[in-house]
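Going left to right, the sequence shown walks through residues 1 to 677 as our numbering numbers them.
For the record, the hints were derived by calculation from the structure and aren't laboratory data.
Computed from a prediction, not measured in an experiment: that's the story for all the values here.
Idealized CB from N, CA, C, for every residue including glycine.
Misleading hints may appear alongside valid ones.
[Said to hold, decoys possible] Under the rule of at most 27 Å between Cα atoms (straight-line distance), these lysine-lysine pairs were calculated in the BS3-like manner:
| id | residue 1 | residue 2 |
| --- | --- | --- |
| 1 | K554 | K593 |
| 2 | K50 | K299 |
| 3 | K552 | K461 |
| 4 | K49 | K29 |
| 5 | K554 | K382 |
| 6 | K366 | K382 |
| 7 | K333 | K366 |
| 8 | K267 | K142 |
| 9 | K333 | K508 |
| 10 | K299 | K49 |
| 11 | K220 | K203 |
| 12 | K55 | K318 |
| 13 | K81 | K49 |
| 14 | K382 | K29 |
| 15 | K117 | K220 |
| 16 | K312 | K347 |
| 17 | K49 | K326 |
| 18 | K299 | K44 |
| 19 | K267 | K220 |
[Stated by the list, open to error] Ranges of calculated distance between the beta carbons of each label pair, as one might list FRET restraints:
| id | residue 1 | residue 2 | range |
| --- | --- | --- | --- |
| 20 | R576 | S111 | 26 to 32 Å |
| 21 | K165 | K29 | 25 to 31 Å |
| 22 | K347 | S376 | 35 to 41 Å |
| 23 | K44 | S377 | 28 to 34 Å |
| 24 | Q28 | N175 | 38 to 44 Å |
| 25 | K552 | V113 | 42 to 48 Å |
| 26 | D410 | D47 | 55 to 61 Å |
| 27 | N567 | K29 | 43 to 49 Å |
| 28 | K531 | S216 | 49 to 55 Å |
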Amino acid sequence: MPNNFTSQLTDTFDNPFDDINANIIEPQKILSLWCTPFNTGVLKDMDEKKFRTQKLPIILQGSRGSGKTTILKYFSYPVLKERANERNGQSLLSVIKSERSIGFYFRCDDSFVNTFKSIFENQSPDKWLSFFEHYLELSFCKQIISVLMDLNEVQNICIKSFEYKFIQNIIKEVNIAPISSATTIQDIFNFILTELRYIDTYKNESIFSNVIFTPSALLKLYSLSDVLINNISIFVAELNKTIYLILIDEFENLTEELQQFFNTAIKFSKQSISLRIGRRSEGIVTKATINQTEYLREKHDYFLVEINKGQKFEDQKKYFTEIAFKRLCISSKLCHSDGILGLLGDKEDLDEECREICRGRQEHLKQILSEKNSISSNAELKDQIINIIKNPNNPIAETINALWVIRSKDDVLISAQNAKEAMLAFFNKTAHPNVKKYINDYENKYRYSITVLLSSIYKRKKLYYGFNTIAHLADGNPRTFINICRTIISDALFYEKNRFFETKSISKESQNRAISEFSMSEFENVCSIIKYGNKIRNLILNVGNVFAEFHKDKKVRYPETNQFVFNKLELSDDLRNIINTSESWSMIIKREKTQRVSASIDRKGDIYYINRAFSPIFNISYRIRGGVNVRFSSDEITRMMVSLSTERKLSQQDKLESSTKNDIQLSLFNQEDRPNE
1 MPNNFTSQLT DTFDNPFDDI NANIIEPQKI LSLWCTPFNT GVLKDMDEKK
51 FRTQKLPIIL QGSRGSGKTT ILKYFSYPVL KERANERNGQ SLLSVIKSER
101 SIGFYFRCDD SFVNTFKSIF ENQSPDKWLS FFEHYLELSF CKQIISVLMD
151 LNEVQNICIK SFEYKFIQNI IKEVNIAPIS SATTIQDIFN FILTELRYID
201 TYKNESIFSN VIFTPSALLK LYSLSDVLIN NISIFVAELN KTIYLILIDE
251 FENLTEELQQ FFNTAIKFSK QSISLRIGRR SEGIVTKATI NQTEYLREKH
301 DYFLVEINKG QKFEDQKKYF TEIAFKRLCI SSKLCHSDGI LGLLGDKEDL
351 DEECREICRG RQEHLKQILS EKNSISSNAE LKDQIINIIK NPNNPIAETI
401 NALWVIRSKD DVLISAQNAK EAMLAFFNKT AHPNVKKYIN DYENKYRYSI
451 TVLLSSIYKR KKLYYGFNTI AHLADGNPRT FINICRTIIS DALFYEKNRF
501 FETKSISKES QNRAISEFSM SEFENVCSII KYGNKIRNLI LNVGNVFAEF
551 HKDKKVRYPE TNQFVFNKLE LSDDLRNIIN TSESWSMIIK REKTQRVSAS
601 IDRKGDIYYI NRAFSPIFNI SYRIRGGVNV RFSSDEITRM MVSLSTERKL
651 SQQDKLESST KNDIQLSLFN QEDRPNE
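Generate the whole structure from the sequences, applying the supplied hints.
Listed below in structure tokens is the structure:
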């Protein structure tokens, strides 16, 4: 019998953010969803033409979900064919000629690499590397010949017009016995297919028996492919300036021996063949080659292109807006002029959120004022001050007033009156000696911190909603952004479907619920699959709880504290490996540049923060501020990895900075502060 749930399912709706994994998205959809990262701040000092035609190999480096796979696949041959299909009047051959490159995508997923190594585990490293090289060359040659066959099929070229001379040249230039009797390109293609099938058969049989690997010929990288390419350029004039790109994805999954193999290929590349390698981070790869005396040198052997390096937040938002626009346009129900901003809203309304939290209550004022000894035990004085500073319609303003009172060395009633007058001058746009300070406190410094504090006092969770918030949580990562949007729409479809389709917008409650669900789910899922997952989980939970303690500080001495420092060199090798793993999976992130360790310390060091997407777990700020960064010793890092034992850092910070005035501490933010909302 149908119920509400099953009836909802009958009205099918495809979430436009469902396709998140570029590994399984078909070429046509990769093209339709493509948002160029070139010249947008995502990829600096690199344009699309240079990435496509540069002969020097390029290493594309970025975090998990940063878009490496999408970029590499965009330059692959299947997507190039889709571009040709969309260009009416242009043939496939003319598109290849104009783009001057053809890319062939290879993904080094864990299962493939581990399987390949395991079936040859009884062989010496040199042998199993030569078997891998053989497989790669066969795969590359298969794709090269497939291009020729495609061009022949669509009648852009006529293979028969040059096939005899082409085959004769190949036979002369390569010493591969099975090819010596070939008379057609199809014969060479059949040889390649037979060898690839043999490898698959051997892979399956080797699991159950000790069969010996005996291919009919053992190919070296470029031994056949380079000859094929050179002869294609001779007989197909339109392709004589074409660069053939080997697109290697997930390079970090390769064993050290295979990384050295590819590094050697990078260092000694061919005239018409170049590599584009996608990898995560420098810390998990080697620059060594097979020759122990040769190492890769950046800008000499390859260009390094880092995704999102130095990208400004406003550029991130523009890029995410375009990503969302492309996806929303797929859906007739969601494609409207306001795009993602119309769907989610732009920014949080912290004033309204605080009004909903407090509901005219004064408990927050009482607790904050009680932080000053001269007020805490005098209920009558406390009430007098509250009557002066209160502003029920604006909890943020009245909380700032309370903070001014407990920090002032003047008489508390005089301080309360001064705070009130500065507040009124701010709202009424009149003159007052302290109005500039009040404007800064209200509009920039404390708005977010006060919202989190009020949430904790009234046992509420800070709400996370709006496009601006999601852009902060994604922190430049397209997959995270798409995932959050997908989760939000799924939540709205379940909890507020009618409202969703009627208004083309999603409530902040639904957004917050979905974001919180995504945050915890992503955290737990990653911790469950990565190496050292339990230790990394403990570390992040402990560090996050330290930040949560700072956010609950009723004196708001260190607003939005969410960065930490430690000396990586002091850690043992095992602990450094754990930190490297957490960085490679973007569980913790190191700031790009070394910065001053903390507001009161004139020394530079590496600054780290927890992945912004995990902020809702701890009810903390997602913004990058400056000021105080929590310092952890190597012993504390060790303890936090072993068990859930949160270090008490707030009281230590007080002692450490007791000689520095609060108002000075709170103003020492670096120049990389982002706008409050």
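Do the hints match the structure? See the list:
1. K554 to K593: Measuring from Cα to Cα gives roughly 32 Å; hence the hint is violated.
2. K50 to K299: holds (14 Å)
3. K552 to K461: Given that 27 Å is the threshold and the Cα spacing comes to 12 Å, the pair holds.
4. K49 to K29: holds (22 Å)
5. K554 to K382: holds (16 Å)
6. K366 to K382: holds (7 Å)
7. K333 to K366: Measuring from Cα to Cα gives roughly 49 Å; hence the hint is violated.
8. K267 to K142: Holds. K267 to K142 sits at ~24 Å (cutoff 27 Å).
9. K333 to K508: holds (20 Å)
10. K299 to K49: holds (18 Å)
11. K220 to K203: Within the cut-off at roughly 20 Å; holds.
12. K55 to K318: It is violated: about 31 Å lies between the C-alpha atoms, which goes past 27 Å.
13. K81 to K49: holds (17 Å)
14. K382 to K29: violated (64 Å)
15. K117 to K220: The hint holds at about 18 Å.
16. K312 to K347: holds (18 Å)
17. K49 to K326: Holds, at roughly 23 Å.
18. K299 to K44: Holds, at roughly 15 Å.
19. K267 to K220: Holds, because 16 Å separates the two Cα atoms, which is no more than 27 Å.
20. R576 to S111: 26 to 32 Å: holds (27 Å)
21. K165 to K29: 25 to 31 Å: violated (41 Å)
22. K347 to S376: 35 to 41 Å: Given about 36 Å between the Cβ atoms, the range holds.
23. K44 to S377: 28 to 34 Å: violated (59 Å)
24. Q28 to N175: 38 to 44 Å: Holds: the Cβ-Cβ distance is about 41 Å, inside 38 to 44 Å.
25. K552 to V113: 42 to 48 Å: holds (46 Å)
26. D410 to D47: 55 to 61 Å: At 60 Å between Cβs, range holds.
27. N567 to K29: 43 to 49 Å: Between N567 and K29, where Cβ atoms are some 46 Å apart, the hint holds.
28. K531 to S216: 49 to 55 Å: violated (39 Å)
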